[in-house]
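Protein chains in written order, with our numbering: chain A, 1 to 535; chain B, 1 to 203; chain C, 1 to 94.
These aren't lab readings, by the way, just hints derived from the structure by calculation.
The reader is advised that the hints may include incorrect statements.
Straight line, CA to CA, 27 Å or less: simulated DSSO-like cross-link-like pairs of lysine-lysine [stated by the list, open to error]:
hint	chain 1	residue 1	chain 2	residue 2
1	A	Lys16	A	Lys450
2	C	Lys12	B	Lys86
3	C	Lys63	C	Lys12
4	C	Lys12	B	Lys87
5	C	Lys67	C	Lys12
6	A	Lys57	A	Lys450
7	B	Lys86	C	Lys63
Being a predicted model, the structure only gives us computed values, none of them experimental.
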Amino acid sequence: MVAMHDREYTSFYEEKGRFKGLFAWIFSTDHKRIGLLYLYSIMVFFIIGVILGLLMKLELIAPGRTLYGAQAYNSLFTVHGVIMIFLIIIPGLPATFGNFLLPLQIGAEDVAFPRINLLSWWIYVFGALLVIISLFTGGGAPDTGWTFYAPYSFKTSTNMLPAVLGAFTLGFSSILTGLNFIVTIHRMRAPGMSWLRMPLFPWTLYGTGWIQLLATPVVGITLLMVAAERVLNIGFFDPALGGDPILYQHLFWIYSHPAVYIMILPAMGAISEIIPTFAKKTIFGYRAIVLSTLAIAFVGYFVWGHHMFTSGMSGTALYTFSILTFLVAIPSAIKVFNWVSTMHQGSINPEIPFYWAASFIFVFMIGGLTGLVLGSLATNVHVHDTHFVVAHFHYVMFGGVGFAFFGAIHYWFPKMFGRMYNFNWARVGWLIFFIGFNTLYGPMFYVGIKGMPRRYYDYLEGFTGPNVISSIGAMVLVLGLLIILGNLIYSARRGPEAEANPWGGSTLEWTVPSPPPLLNFDKVPEVTTGPYVYK
Amino acid sequence: MAQHIAHPHRDDLASKIGMWLFIFTEMLLFAGLFLVYSVYRYRNPQAFHLAAEELDTFIGTVNTIILLISSMTAAMSITAIQRGHKKQTLIFLGITLFLACVFLVNKYFEWGAKFSHGLYPGSEYLAELGHGDVLFFGLYFFMTGLHALHIVVGLVILAVIFFRVRNENVHQTNYVLLENGALYWHLVDLIWIFLFPLFYLVT
Amino acid sequence: MDNKDHHIVPYKTYIIILSTLVVLTLISVAVTSIELGALTVTIALVLASLKSVLVLIYFMHLKFDQKIFAIMVTGIILLIIIVIVITFLDYFFR
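Bound conformation, chain A alone (with noise of 0.2 Å):
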């Protein structure tokens, strides 16, 4: 396909429509500006969870009290969970880059409800702001953990309206986008792409929007019976009234665990994207990384009780659940094979996006491997509610998605913003980060077996020396994001013009000018391969 650049075309930024200056943006229902805006707000609300991240290391970095007692310590702990799950991971790469670069993957125009994707932002607003205020309000922020548990969280003085509200609402938001991109990939291939010549990102985000449209609303609906707990004192969940707190777990994890494949899907999906570009070889496997999607998307839902198995349920249910749990990391396994695959006997152009894959495999492999420890039930008991269960899910979620996500930003910048950054900048940021993430949540697996709990801002003597190491990792991990974010921010306005195609990607986004125009292909492009074909 024959890169059409013409420096005389009007890019998306500079079209102008019904509304000027910052309405131009919020008022805009073109994807790509809707991706951005999600970009902007999740950078920003991300600051905050980091911020409260770094203030708990800081706690932790010397036993006993350091800066603060147990109960701001558990509000800092939950609303950094609430704030990294539902306001930034959860809708991360689907938000971001799937709003952004989906349509312009398979060839068409925008979404398939323009309209709803914008309506799904402002109720991304909405509710992150609500969370936000629950820091602020009332009886003091939140301190039940991300997870709400039932009694806890309608016994509690503290502000758990406004977050278990915010979390409903951010629910919304999610169920929208989901349902916007299957109707959009259901209808909206170019002619020519059947689902078998569609790229990998795109069936990822196919298969993660099943999961938003179905599993949220129980999480939802969940989210509303505690509401009605802490209002109307109805006894669902409250042992003195007949209710069972275990039931609460079910729940929620009912949910909450097929959200982590909303979380990890996508991500796995960049990665399907920029390892063949950098390998300039096509996919290892293409149909069994689809089929592995579509299992995990499928299996994903029946593993929940795994983050149950110390609760007290039946061993029917324990013994089930694990076996389950094993069998929803085959597919992920099988990717991680297909991906090595892939850069085997290929061509590597070892520039930053690779880098970011590359490590990603590295941490995603660390992380899912810990997940099997976990899974088994003998293990489990013993490293339940450690720090042992903090590391592997940073390792899967921080260095499974952000990698991901740093990743695809790297990737995709130059076509997002038409610019490109520098790349020895970019480096030494991978590179800080990589070592402070690591020094971060290394030691975290270590103290947790030796049996250190999460949750607590005080901890044993003996687990000083590793913890002191982990809080230094965390100001690393800190300062490498400063640079690569400082890095991105400013070569995104003053960074040097970017071309079509600068690294010889292969897919449909590659073949309009960098940024794209408003709607996107001149022509409606006709496909006649599937992606990923190199000379």
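Assemble the complex: chain A is given as a structure, and chains B and C must be docked to it using the hints.
Below, chains B and C without anything else, positioned relative to chain A:
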């Protein structure tokens, strides 16, 4: 570069798929509640059995039939518009809206009777009756309340569509909005089809 | 863009379906007033399921529209059933 004009993009199938997807979210929403019901019924069979006798089966049956009829008239309105019969479409929609209101009025009286007997979430009387009753009535009010909320929303949606049909915004060759509105209404009926036996009949 | 089936369902069909639904409703009221113990819930649910299938197929046009809708609906129902069954692996065996 060539001027690219956005062609007006109408895809009825996409609209319909979108509506069905939304219906799936509602199904999952109520599924969560049905799950809670199943668990607590399983654990408190006697109490649920006895508590259900407090509910008026006659009103429940009447309400069920009302909703079924309204579902039929909603479906019939589509046939009418497909045939280009604007007046019949409006009549069927009107009947649907009317029946929805009757349902809500019945609900109002039902709930009112319960409240006046001290049966409401968080009441002391309810707490004294025991765990099974607390759970049964908690679920009863929450689920029928959420359902009633959906009836109100359905009323609004169908009312808007009613006016669009009157203005001929929705007509014989462009009626996907009516189809989607009717789908929503059928969903509301479907939920009640399950609510009715689980609360009124399993005595 | 292909258009959906323009199949027009006659009023008579809807009236027949409604009558069936009302009859099923009355049957379920009658049956559940007999003491059948644990079987009562099962019968009530079976009849309710029958009614919902009729609503889905006829009122909601699954019978007359593209197959994709019926496939999706079936999938969703299966998903819900599986989730409930797995949850009961806990409660039933405690």
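Hint check, failures only: Number 1 - this is the single hint that the structure violates.
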